[in-house]
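So the protein lines, in turn, are chains A and B. Per this note's numbering, residue 300 is the first one in the first sequence, and the count goes up by one each step. Per this note's numbering, residue 300 is the first one in the second sequence, and the count goes up by one each step.
It is worth saying that the hints were derived from the structure and are not from the lab. All C-beta atoms, glycine included, are put in the ideal place defined by N, C-alpha and C. Take these hints with a grain of salt, some might be off.
What the hints assert, rightly or not - Only some residues are given here: those of chain B computed to face chain A with a beta carbon under 10 Å:
id : residue
1  : W407
2  : E480
3  : G489
4  : L556
5  : A558
6  : Q560
Spelled out from the first residue to the last, the chains are:
2 protein chains.
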Amino acid sequence: MRLTPEQLEEFDREGYLFLPSVFSPEETRLLREEAERVYALDREEVWRESSGAPRTAFAAHTYSEPFRRLGRHPRLIEPVMQLLDGPIYMHQYKVNAKAAFDGEVWQWHQDYGTWARDDEMPEPRAMNISVFLDEVTAVNGPLMFIPRSHKQGVQDAGHDLETTSYPLWTLDRATVKRLAEEGGIVAPTGPAGSMLMFHGTLVHASPPNISPWGRTIVYLSLCHVDNHIRRFKRPEWVAHRDFTPIEPLADDCLSELAAGQKSAGQAAE
Amino acid sequence: MRLTPEQLEEFDREGYLFLPSVFSPEETRLLREEAERVYALDREEVWRESSGAPRTAFAAHTYSEPFRRLGRHPRLIEPVMQLLDGPIYMHQYKVNAKAAFDGEVWQWHQDYGTWARDDEMPEPRAMNISVFLDEVTAVNGPLMFIPRSHKQGVQDAGHDLETTSYPLWTLDRATVKRLAEEGGIVAPTGPAGSMLMFHGTLVHASPPNISPWGRTIVYLSLCHVDNHIRRFKRPEWVAHRDFTPIEPLADDCLSELAAGQKSAGQAAE
Numbered sequence: 300m301r302l303t304p305e306q307l308e309e310f311d312r313e314g315y316l317f318l319p320s321v322f323s324p325e326e327t328r329l330l331r332e333e334a335e336r337v338y339a340l341d342r343e344e345v346w347r348e349s350s351g352a353p354r355t356a357f358a359a360h361t362y363s364e365p366f367r368r369l370g371r372h373p374r375l376i377e378p379v380m381q382l383l384d385g386p387i388y389m390h391q392y393k394v395n396a397k398a399a400f401d402g403e404v405w406q407w408h409q410d411y412g413t414w415a416r417d418d419e420m421p422e423p424r425a426m427n428i429s430v431f432l433d434e435v436t437a438v439n440g441p442l443m444f445i446p447r448s449h450k451q452g453v454q455d456a457g458h459d460l461e462t463t464s465y466p467l468w469t470l471d472r473a474t475v476k477r478l479a480e481e482g483g484i485v486a487p488t489g490p491a492g493s494m495l496m497f498h499g500t501l502v503h504a505s506p507p508n509i510s511p512w513g514r515t516i517v518y519l520s521l522c523h524v525d526n527h528i529r530r531f532k533r534p535e536w537v538a539h540r541d542f543t544p545i546e547p548l549a550d551d552c553l554s555e556l557a558a559g560q561k562s563a564g565q566a567a568e
Numbered sequence: 300m301r302l303t304p305e306q307l308e309e310f311d312r313e314g315y316l317f318l319p320s321v322f323s324p325e326e327t328r329l330l331r332e333e334a335e336r337v338y339a340l341d342r343e344e345v346w347r348e349s350s351g352a353p354r355t356a357f358a359a360h361t362y363s364e365p366f367r368r369l370g371r372h373p374r375l376i377e378p379v380m381q382l383l384d385g386p387i388y389m390h391q392y393k394v395n396a397k398a399a400f401d402g403e404v405w406q407w408h409q410d411y412g413t414w415a416r417d418d419e420m421p422e423p424r425a426m427n428i429s430v431f432l433d434e435v436t437a438v439n440g441p442l443m444f445i446p447r448s449h450k451q452g453v454q455d456a457g458h459d460l461e462t463t464s465y466p467l468w469t470l471d472r473a474t475v476k477r478l479a480e481e482g483g484i485v486a487p488t489g490p491a492g493s494m495l496m497f498h499g500t501l502v503h504a505s506p507p508n509i510s511p512w513g514r515t516i517v518y519l520s521l522c523h524v525d526n527h528i529r530r531f532k533r534p535e536w537v538a539h540r541d542f543t544p545i546e547p548l549a550d551d552c553l554s555e556l557a558a559g560q561k562s563a564g565q566a567a568e
């Protein structure tokens with residue numbers, strides 16, 4: 300899977316790229332069911348909303364075989380190697396739930412703001428790539444981007460420890476307003492299996508989910524190996540310290556696992 | 300302004316009808332500026348979020364000339380007389396702000412649930428008609444409807460006095476989920492000046508507004524005069540007690556006022 304010159308140009312200009320239905324329903328179902336299993340685990344990596352509903356499972360690639368494979372999937376890794384122009388490592392891995400009714404807000408922020416301030420990542424040669432495990436619609440708390448905001452570098456931010464259970468460096472309102480007046484706000488929506496990639500300095504947020512439907516998205520934060528973090532303040536399972544270049548697996552690494560589970564299920568019946 | 304047979308059928312089936320750009324930019328601007336003036340008033344009818352941002356101005360038609368005219372505008376009154384099949388009176392009048400960043404949630408509810416329980420309105424021969432004073436988009440807290448939910452009558456509800464500054468009879472989660480599995484959820488969006496009408500038993504909600512843009516909507520709750528409320532528990536400016544049939548004004552009643560203000564402004568320069 301290679302991005303076209305038009306796609307590379309669009310990512311550079313807008314700061315994000317949305318590719319619908321990159322993963323098959325079968326691959327997506329495998330990951331969706333695995334997310335449920337992971338959220339039920341009693342582990343320090345699994346964070347909850349104040350209601351107790353799951354919010355984020357960190358580092359799921361280290362304790363789940365489907366998520367391990369997704370973390371090395373060529374449909375994710377190869378486009379990011381292309382965009383970051385070289386070998387990459389996994390800086391962070393999150394399975395974000397945004398639970399039905401209870402899923403809370405993520406305030407306006409830049410991910411690289413956190414990576415720079417908390418982790419001393421030298422440059423924004425890092426980005427996110429995400430996979431929708433549920434359909435994302437206007438009604439279940441979609442991710443909102445301010446297009447082209449990534450071109451304006453790292454913005455001042457305050458450390459928000461109160462709004463939600465997750466500490467976040469968030470932008471002030473005047474900055475958000477100024478950037479949104481220039482770039483607008485978009486909320487990319489699409490079916491489960493869609494892929495959304497965005498620059499480390501792109502300003503984004505997501506509203507609470509008041510709908511009766513959950514909305515799970517996996518986020519891989521990938522960084523050029525030369526640009527690895529210098530400071531180990533956050534737990535290893537939040538900001539990883541293994542800078543080994545990721546070797547992509549085969550394109551069928553997930554469908555193979557799904558087929559195996561299915562045949563095992565049938566054999567057991 | 301008359302609704303077509305197709306529009307009447309759609310309203311009956313889906314429980315709502317969306318008509319984009321019914322009011323001109325000039326008419327909308329007049330109302331938008333008037334909303335700002337009204338929100339700045341220190342009156343008991345003007346309610347605020349916990350942040351102090353405006354949430355709702357009740358009964359604005361009783362202390363504002365532009366909103367008085369809107370409350371008798373033929374583009375609002377005539378279609379509702381058609382749908383409710385006879386003379387109507389104003390049960391409630393609200394200018395809802397949903398302020399930038401601070402606008403809070405309205406949980407899932409049916410307006411007629413409140414009208415029946417609090418005001419003893421005999422039957423759901425009453426409905427809402429609203430006018431967007433700002434563009435409503437997926438990112439600034441749009442109204443969300445569960446289509447066809449109005450066909451299932453009044454649902455059980457609990458009196459929510461805690462979530463926001465406004466007491467509301469809200470539906471339980473199992474009911475919302477069941478209705479949404481059947482009817483889906485839609486979020487009608489469109490330019491300022493658009494009109495949205497919906498049945499008194501249609502289940503709806505709106506999420507917080509995390510965008511940097513306000514989203515003001517005027518709501519008229521109109522009721523057939525024979526179906527007037529029997530109980531006067533809520534303040535008169537929340538649930539009106541004047542059951543006089545509304546006589547629509549001329550179609551240019553707002554544009555005339557806008558033109559008058561403009562020429563007065565020019566004369567003063």
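Index of numbered hints that the structure contradicts, given in increasing order: 3, 4, 5, 6
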